[in-house]
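S.K.: Given next are the chains, with one letter for each unit.
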Amino acid sequence: GNSVTQMEGPVTLSEEAFLTINCTYTATGYPSLFWYVQYPGEGLQLLLKATKADDKGSNKGFEATYRKETTSFHLEKGSVQVSDSAVYFCALSDQGGANNLFFGTGTRLTVIP
Amino acid sequence: DVKVTQSSRYLVKRTGEKVFLECVQDMDHENMFWYRQDPGLGLRLIYFSYDVKMKEKGDIPEGYSVSREKKERFSLILESASTNQTSMYLCASSLWQDGYTFGSGTRLTVV
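Residue numbers (this note's numbering), protein chains in the order written: chain A, 1 to 113; chain B, 1 to 111.
Treat the hints with care, since some could be wrong.
Claimed, not checked - Within a straight-line C-alpha distance of at most 27 Å, the following computed BS3-like cross-link-like pairs (lysine-lysine) qualify:
hint, chain 1, residue 1, chain 2, residue 2
1, B, Lys-55, B, Lys-71
2, B, Lys-53, A, Lys-49
3, A, Lys-60, B, Lys-3
Rather than coming from a laboratory, the hints here were simulated on the basis of the structure. Nothing here was measured: the structure is a model prediction, and the numbers come from that model.
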């Protein structure tokens, strides 16, 4: 079946620190992979995505590379800001059917000045 | 930009009330979804719909129903609200084999 496992939080970092949030997946086919971000009191927003192996998604200084050999899609940012404080969700799409997005449980990031 | 609009940001309802949560999307997406989000439990799918008048149960449909009379509108109904339905409710829509677009959420408190 399809599933996503992501790093348990919460994660607390100082401003300008390097961020990694781990995400691994299990899928039966060739999924697309996503990172969503949820700012306090808001819904989820698509942060970045990658649709095939070795693709790199990037947005707002965040990056993630689709690694088929390790079934991973880790989120990274070189220098976090207080405004990056949010909950981050890794997700995969199994390319079939309407209900095709599987979410991880989310990782809460807090960045302190 | 695709917009998914949820009619209320905050709602407070009494136990036993019938509650309607409305969601409207403006990009002609076929698929629409209702999730609830609770601390420590992540996102849990309640119901989804892949076409007008079509609905499918998600992981936790008990105590909820849905209605999709028009393509752009997907309503979540709590027939008789209970305190354990206090939660953040998120609506989303998607095209086939694409990522989801979420609304801003409705925080429902049942007292």
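S.K.: Does each hint hold? Answer for all of them.
M.R.: Okay, the hints, checked on the actual structure:
no. : hint                 : result
1   : B:Lys-55 to B:Lys-71 : holds (12 Å)
2   : B:Lys-53 to A:Lys-49 : violated (31 Å)
3   : A:Lys-60 to B:Lys-3  : holds (21 Å)
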